[in-house]
Amino acid sequence: MRSLALCLFFLLCCNAVRLDRRRPRPIAARGRNETTVQTKPVENPCKAMPLDFVFVIDSSRSIRPNDYEKVKAFIVDLLQFLKVGPDATRVGLLQYGSVVQPEFSLNTYTTKAEVEQAVGSMEHLATGTMTGLAIQYTMETAFTEEEGARPADLLIPRIAMVVTDGRPQDTVEEIAAQARQAGIQIFAVGVGRVDMNTLKAIGSEPHSEHVHLVANFSQIETLISVFQSKLCGGSEMCEVVDHQCQQICVSSPASYRCKCRKGFTLNPDGKTCTAEDMCAVVDHGCEHICANLPDGYECRCHPEYQLNVDLKTCDKIDRCADGTHGCEQEFTNTEDACVCKCRKGYTLRADGKTCKKVDRCADGAHGCEQEFTNAEDACVCKCRKGYTLRADGKTCKKTDHCADGKHGCEQEFMSTDDSCVCKCRNGFSLRPDGRTCQSLDVCQTVDHGCEHQCVSTVDSYICRCFDGFMLAEDGKSCKKPECGDGVMDLIFVIDGSKSLGPANFELVKRFVNSIVDLLDISRTGAHVGLLQYSTKVRTEFTLGQYSTAHTVKQAVSRMQYMGRGSMTGSALRHMFESSFSAKEGARPNVPRVSVVFTDGRSQDDVSEWADKAKNSGVTLYALGVGKAIEQELREIASEPDEKHLYYAEDFEKMGEITKKLKSRICKDKPSGDNMCQCENVIMFQNQVTEKLKKLVQNIEAMTKKLDTLENQVVNK
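Numbering-wise (this note's numbering), the sequence shown opens with residue 15 and increments by one.
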C-alpha cells in the first residue's frame with residue numbers, strides 16, 4: 015500500500031508539471047474590454063469522466079473588476095480538462111451577490127466553445143454576499159432534471175465549485191450540509207480574507223481534497239494543477255482503492271461512495287447493504303404470508319391455519335374434526351376451539367350446545383305483504399305508516415284522508431295518520447284557520463326599524479346598509495367606516511417566512527382583515543393590494559383587482575403560506591417598482607401607504623429600497639412581532655418613528671398593534687384637496703353675499719314703486 019501511495023503521488027506531480035506547461039493563457043480580445051482564452055487541442059493523458067458540474071461564483075462588490083476577469087479566466091482554464099457534451103460533462107454556472115443570477119443551466123450549452131463564450135460575456139453584479147442563498151438555489155434548482163441534471167440512478171457525479179472572497183451575509187452551515195446529504199460534492203475555493211472555518215462548513219469531506227484557500231486572485235491560477243487530477247478522471251477511485259463496497263462503488267473527483275441496488279438500503283457503516291423488503295427480492299414460496307426478519311424472512315399462515323412441516327404451505331385447523339363437539343344444529347371453527355351455532359330463528363341455550371326457536375317469522379311462511387312481527391305464539395302481519403291491514407290479515411290498503419277533496423286547503427295538503435292537513439308553499443305560512451296562507455316577508459309585516467334596508471330571512475329579518483356604509487352596533491342604523499373619508503392606495507407587505515409557522519400566518523391574515531374593516535374600500539375610496547414574501551416575492555392581488563371590502567377579505571383568506579426564507583429588501587423593491595404602478599392600479603394624486611409586517615431579521619438589505627419608497631412619497635408603517643429587529647424596523651418606517659413603527663412581543667398581542675395602527679391611519683387621513691375645499695367654501699360664500707345684495711336692492715326698488723302707486727291712488 016505504501017508503494018501504491020508513492021506511485022500515485024509521483025503521478026499527480028507529473029500531471030501538475032505537464033498541466034503548467036500546456037495550460038492556455040488569457041489573451042486580450044481586440045476591440046472589446048474583455049478577456050478570451052485561445053485554446054488548442056491538448057493531448058490529455060487521462061480519460062474525462064462524465065459529470066454534472068455547476069460553478070457557483072461570488073460576484074460581490076468586494077471583487078475588483080480585474081480580479082473578476084481572473085475568476086473568469088480560472089473557469090475557462092478548468093474547462094480544458096472537461097469533455098463537454100450532452101453525454102459527457104454538462105456545465106452550468108450561476109453568480110450571486112445580494113441575489114442569485116443564473117447565467118446558464120446544465121442543458122443550455124452542448125459544446126465547450128459555447129460555455130467559454132458565455133463565461134466571457136458575464137457581467138459583474140457588485141452587490142452583497144448571499145452565499146447560503148446561492149447554495150440553496152444550486153441544490154433546489156440547478157441540479158434538477160428540468161435544469162439538465164441527469165437522473166440519480168445513472169450515478170453521474172454532481173459537482174458544485176463555490177468560489178468566494180468574503181464572509182457570507184447569511185448562514186451556510188445548514189444548507190451546505192443539506193446539499194452534501196442530497197449527493198452534491200462541493201469544492202470550496204476561498205480567496206483572500208475568507209474564514210477557513212466557513213470554507214470547511216461549505217466543502218465536502220475530506221477537507222484536504224475539497225477545501226482550498228489562496229492569498230489573492232493572482233494566485234488562483236495555482237489551483238489549476240490541483241484540480242487536474244480531480245476533474246480529468248485520470249483514474250477511477252473505485253479501481254485504485256480498496257473500497258469494500260458490498261454492492262456498487264461510484265467514483266467521483268477526489269473521492270468515491272458506496273451505493274446499494276434497488277430494494278436495498280446502505281447501512282450506517284457506509285459499505286454494506288440491507289434489503290428493504292427481503293420478501294420482495296427473493297422467491298420465498300410462502301403460500302400465505304412472507305414476513306421480513308432482521309436477517310432474512312419466514313413464512314406465516316393466516317389465523318385458523320397452521321404451517322406445514324415444509325415451512326411454506328398452510329393447512330386449516332379443524333377443531334371440530336373429532337366429532338366431540340355435541341352441537342344440536344351447527345358448529346364452526348374459531349381460532350381456539352370448536353363452537354356451536356343455531357340456524358336462523360333459533361338462539362343458543364346456556365348449555366352452549368342446544369337451540370331454541372325465537373323467531374316465528376324466520377321460515378318465511380307468514381305471507382305478509384309489507385311487515386311482520388313475532389307475537390307470543392305466532393308471526394303477525396303489519397302495515398307501514400299510512401296503510402291499514404285488510405280483513406285477510408296479510409295485505410294492506412293505503413289510508414288517504416284527503417281523497418274525498420273536502421279538505422278546503424288554499425294551497426297544498428297531505429294525509430297524516432289521522433286526518434288531512436293543509437300546507438303552504440315556500441315563502442308562506444299557515445294562518446290560524448288552518449286552511450289559508452300568508453306571506454313570510456317579515457319586513458312587510460313588522461316595524462323593523464332598519465335605517466337603510468330590511469331583508470327577510472326564514473324566521474325573521476336582518477338589517478343591511480348601502481354600499482359605503484357599515485351596520486352599527488345596534489344592528490339597525492348605518493354608519494360610515496371609521497376611515498370612510500380616507501382615500502388612499504394601500505399595499506400590505508406580509509412576511510411569509512418559515513419562522514412564522516402556519517398557525518401564526520392565519521393570525522396575520524386575520525390582522526390584515528381587521529385593518530380592511532376600517533377602510534371605505536370602493537372604486538372612489540380606498541384601494542388595497544397585498545404582497546407576500548419569503549425567499550421570493552409573490553403578488554397576491556393588486557390595487558386595481560378588488561373594489562369591495564368583502565372581495566378583499568376573501569382574497570386574504572385564500573392566501574397560501576410560502577414558508578421559506580425572509581427577503582424583506584426584495585419585497586420592498588417589488589413594492590416600489592411594481593405595486594404602485596399604473597399597470598397594477600395605482601391612481602395619480604392619491605396618497606400612497608404601505609404596511610410592512612415582519613417577524614425576524616431580513617436576509618438582505620432593507621434600507622436602500624425603503625429610502626427610495628419614502629423619497630417617492632410612500633408612507634411606510636413598520637410592524638414587528640417576536641424576533642423582529644428594531645434597527646430594521648426603523649430603517650423601514652417613515653418618520654417620526656413613534657407614529658409609524660409598532661412592535662408586539664408575540665402574535666397573541668397583535669391586537670394591540672391593530673388598535674394603535676387603527677388610531678393612526680384614521681387620525682392621519684390622507685387628503686390632498688383640503689385647501690381646495692376651503693377655497694370653494696369661500697367662493698360659495700362670496701357668491702351668496704353678492705346675490706343677497708342684489709335681492710335687497712330689488713326689494714328696495716319694488717318698495718319705492720309700491721309707494722308711488724299708493725300715492726297716485728290716494729290723490730285720485
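Among the hints, a few may not be true.
[As the list claims (entries may be wrong)] Derived DSBU-like pairs (lysine-lysine); straight-line CA-CA distance at most 30 Å: (1) 97 to 84; (2) 597 to 628; (3) 367 to 408; (4) 285 to 244; (5) 567 to 411; (6) 285 to 523.
It is worth saying that the hints were derived from the structure and are not from the lab.
Structure-based check of all given hints:
The hinted pair formed by residue 97 and residue 84 meets the criterion: a straight-line CA distance of about 22 Å does not exceed 30 Å. Of the supplied pair hints, the one linking residue 597 and residue 628 holds, its CA atoms being roughly 20 Å apart against a limit of 30 Å. For a cut-off of 30 Å, the pair hint linking residue 367 to residue 408 is broken: about 36 Å separates their Cα positions. With a C-alpha separation of about 23 Å, the suggested pair residue 285 and residue 244 falls inside the 30 Å cut-off, and the hint holds.
Between the alpha carbons of residue 567 and residue 411 the distance comes to roughly 59 Å, so the proposed pair goes past 30 Å and is violated. Taken as a hint, the residue 285 and residue 523 pair is broken in the structure, with Cα atoms around 51 Å apart against an allowance of 30 Å.
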